[in-house]
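Protein chains: 2
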Amino acid sequence: MPIEIKHPVPSDIDIAHAAEKLPITEIAKSVGLLDDELELYGKYKAKVKLDVLERLKDAPNGKYIDVTAITPTPLGEGKTVTTIGVSQGLHYIGEKVFTCIRQPSQGPTFGIKGGAAGGGYSQVVPMEDFNLHLTGDIHAVGAAHNLLAAAIENRMAKESRWSTAFLAKALCPDGEYTDSMRKRLDKLGIESEKPADLSEDDKERMFRLNIDPSSIQWRRVVDVSDAALRDITVGKGGNGLPRETGYDITVASEIMAALGMCSSLADLRERMGRIIIGTNKTGGKRQVDRPVMPITAEDLNVSGAMTVLLKDAIKPNMMQTLPGSPAFVHTGPFANIAQGNSSIMADKIALKLVGEDGYVVTESGFGADCGMEKFMNLKSRVSGLVPNCVVMVATIRALKMHGGGPKVVAGKPLDKAYTNENLELLEAGLPNLLQHIENATKFGVPVVVAINRFTTDTDAEVALVRERAKETGAYDAVASEVWTYGGKGGADLARAVVKAIEEEENNFKFLYDDDMSIKEKIETVAREIYRADGVDYSPAAEAKIKQFTKMGLSHLPLCMAKTHLSFSSDASLKGAPRGFRMPITDVRASVGAGFIFPLLGTMKTMPGLPTRPVYTDIDIDVETGEVVGLS
Amino acid sequence: MPIEIKHPVPSDIDIAHAAEKLPITEIAKSVGLLDDELELYGKYKAKVKLDVLERLKDAPNGKYIDVTAITPTPLGEGKTVTTIGVSQGLHYIGEKVFTCIRQPSQGPTFGIKGGAAGGGYSQVVPMEDFNLHLTGDIHAVGAAHNLLAAAIENRMAKESRWSTAFLAKALCPDGEYTDSMRKRLDKLGIESEKPADLSEDDKERMFRLNIDPSSIQWRRVVDVSDAALRDITVGKGGNGLPRETGYDITVASEIMAALGMCSSLADLRERMGRIIIGTNKTGGKRQVDRPVMPITAEDLNVSGAMTVLLKDAIKPNMMQTLPGSPAFVHTGPFANIAQGNSSIMADKIALKLVGEDGYVVTESGFGADCGMEKFMNLKSRVSGLVPNCVVMVATIRALKMHGGGPKVVAGKPLDKAYTNENLELLEAGLPNLLQHIENATKFGVPVVVAINRFTTDTDAEVALVRERAKETGAYDAVASEVWTYGGKGGADLARAVVKAIEEEENNFKFLYDDDMSIKEKIETVAREIYRADGVDYSPAAEAKIKQFTKMGLSHLPLCMAKTHLSFSSDASLKGAPRGFRMPITDVRASVGAGFIFPLLGTMKTMPGLPTRPVYTDIDIDVETGEVVGLS
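Sequence order for the protein chains is A and B.
All residue numbers for the first sequence refer to our numbering, where the first residue is 138 and numbers rise by one.
All residue numbers for the second sequence refer to our numbering, where the first residue is 138 and numbers rise by one.
There could be a bad hint or two in this list.
Because identical chains cannot be distinguished in the list, a pair is counted as satisfied if it fits within a single copy or across any two copies.
[To be verified] List of simulated lysine-lysine pairs, DSS-like, C-alpha gap at most 27 angstroms: (1) 656 - 687; (2) 295 - 448; (3) 306 - 544; (4) 418 - 340; (5) 295 - 544; (6) 549 - 448; (7) 250 - 295; (8) 250 - 448; (9) 553 - 636; (10) 741 - 656; (11) 340 - 549; (12) 143 - 158; (13) 250 - 306; (14) 295 - 549; (15) 683 - 324; (16) 180 - 741; (17) 553 - 687; (18) 656 - 143; (19) 180 - 166; (20) 448 - 180; (21) 741 - 373; (22) 158 - 180; (23) 233 - 340.
Just so you know, the hints here were simulated from the structure itself, not pulled from any lab data.
The following block holds chain A by itself, in its conformation from the complex (with noise of 0.2 angstroms):
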């Protein structure tokens, strides 16, 4: 549809509010779906079922983009907007495009940061959907996560409370097993028909989990920011077994990780069955030595109820941008303990969807040194799908800000360092940019620069960009102004994206081989992409590397967690930082997600709350039904 634009930019709610939708089942009919591949949420939200894949499983896939930045400011450069921008900008110069982002957060969204579902004349409508709620994914990736956690407690203070004969007994009133139970039959290797054929010990083994409480790493989550519940005291007054644990914003769940890598229901239901909550303890009851084991999900026999509570959750959700292109709004993984990317699942669909002339925009979390390189060697190593060129989005205001401008505070006035002509601030922050081309280029893929341009910025600081970009390797360099105008702000960088995609070659290469120790992986990384002098492993972490070497899961590819404020591991290092090393803090792995996660540094897994949170402002127009005071 047609948008009238204004000046100056009204709210991004009153934009999203202003927008003429189209009902989704046009925009799912424009995109070649049937009537029964759609599930209606409402008018303008739809779930795409996954039989979709298997239908058009012989289609030529699209072309498959990734937008990422150069390391942000505390404001963030409109990675989202520009995403969403060059899909608008494609859609405006007739190309068939599909967005496909992650869900946020509705802590963020009522704490510090407000809503994610771009700004401006580049929006996915509707924005209040988008930003609450949605069709409840993150709350069913809650419950599922939750129910373990619940499975975790019950079964320890059970064991702590009843003998393994009464334990078999419950477990198995009928005498019989479940699949479930079968496969940790297996996993311990012992060969039993029924319950009654096993020895005293093997019985012990297999009803007593025993598990370690000291282990479990297993934590409960909520999609609320509440800092409160960041450490906290369970199963007191006599509920239970009293223990330290805590709480993480739903989006850092295993759980959503998970969903966002899987390829199919039949995927996910393994995955749900590998993930390990801890270990067991090693003296047991009857004081027989035992090795330390990993405990599983499968183990709890919850697993199948876990997977049950996903089973909507697992397909993608349409939505539209602003001029009614196609939008999948998908899974919402953290980008620093997880891949910070939106679902494979999604991306496959768009792809066959858009057909082999199409073109789908994908973005990942943070600067492109965390959520590119895993939108590289993570999410397209699982999902076997090669990238046709890498968007990077940049500002003049964080470039000077990496060639040593003022500190950049969120909701403080900007230094006219920023707001005024300033060439050798410029380019003095320009190698963040330029090492980001670099990285980008090692995996193969052309890049294409996306100037965010804001109205300060001047001709001449735009040229600079451009003459340095293209220099570096960069294809091509366009200024984007799809805040202020949508798709026809962001016709020039769709042109530029689209002969990226004709003229480059694509080489697109893994920058490590599964079969590198966990080790060899790490160091690569942090040569290649953060160009640290070497790596530095802490005690725990080298104590993990061999613990997880052991345990066969040495084949899992990187999910690097650190900060995104910088190359190195030091927010305060900006620019292209050398002579640093990368400190190792801990090792820990995902299996259910499918990846091992080194910590560079603490990463905070539950947000906190400003003195003033966005909720202060928002409010129901009880008349109207609408939501007022979200941007």
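The hints should help you fit chain B onto chain A, whose structure is shown.
Okay, now just chain B, sitting in the frame of chain A:
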């Protein structure tokens, strides 16, 4: 649709999967809903917009039937099965009918109980959707509830850290009040246009809520049975102020009760603002004595955002019964600390949709001393709707238990006293039913007893129940075999209900008036319904009654929080006990929901899990995507 009835009766999920469901759009059309009044959630669920009430505001209401039950055994007596069954019966004999029931919590679904969509040939379908997430309403309630919890914690942490001047500046960065802040000014009796107007003392009263941590009654919620969360410590590790609190299951949230009670979006917005989370400290930071005042969600400036999170949850969810009659599944408030009845919104819409000649069948949780009493004195008082008939569900099994039969325990085989004819035991247990009948007639509404008949019940046993019930004032008592035969098995019951409404006078009245004191209301219910000799108040209860009366809350109706397993507060006293006193251990106020709830004993608001939770059997068939093992 005609359903093929099989014998023996297959599992609930097999019956549900075999049913040929109508698209929900057809069900909607059959009750005269317009396309624009419907928001589809897949093919078989839809939300109905509240606009329909405005369109039909002059249409006459249908007949309003409350299904309730005698004091149950721990197995339950088939109240939901009968609610759906009498609806299917009315449909079978050609009447227009709408069923309104609660959405179940996922905690018991995966924990101790399994599904709650009815059973046998009396079900609401699709049963998986009914039992899992539905359209996300319970999750929305949880999100709103936990946002308020985070707001409390955050405000206390920030107030402990910052000066009043800083708080004022942070909360009003542009020097203006929000609408929500103006409500607090009104409450405090402060006249001020801008924060700059305020005296130092008023600034402190306005911006420093000074919450007394020991007064906080707002806990957190999750829709999982997780006993380890009943008592927890939050705010550890420097994240806020360490504090003892805990979790309830989401359906026990006051927000769920308010959602069930509200009559419009505007009303819900007001109710969210009125929620009391605790009181202030009496000593201010400036050493000034402060009066104790309730702290509300409005004071925390978060009730607008909470309502935004509930903007879709307020709309009733339409589904269908097995033969295709319409059903609303909406809200699921607890039956002890809350009203235990489905939403007023759903009943109101359904009564308009069926019209003058039609019937709306709804269900009250627990036995009639709990659920029906609240349906009459609380829900109907707030809604202004007039019930036309009470259906009192009884089983021969439960009556024998009340007569002194052996203990009935879930999972254990029934004693032969229950499976062989035993008129003496039955006669001894009948007073329980008869007291419930007498109680129902005190509200001036005709009563039909539904004998939920098992195959082992003899004709003589059924005849005895019928005779005594009619003697005591029931219009009729009819055997119901809806579990085995669906609508056909409920046809006689349906005919009796139609005749009772046609032939009996309706003199509906409440048992107490708004302007009676809190104690008078408590004592009226204790005397008239429970038949207690008197009421004993704990010192805590006495103090709360004084406090609430002083706060101007004594006009609120009551929500008695008592066990459903006896008329008394002692679950082991079966039958129709006499010569007992009713202890009131505490009294609490749910001002957002709009009631005072006296505690008659200790209530569990977070269920636990058994040694073998129901989830052990639940899995997904990865080929068909169907849920298995849910019953």
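**OP:** Enumerate the violated hints, using their earlier numbering and listing them in ascending order.
**Re:** Per hint list: 2, 6, 9, 16, 17, 18 and 23 violated.
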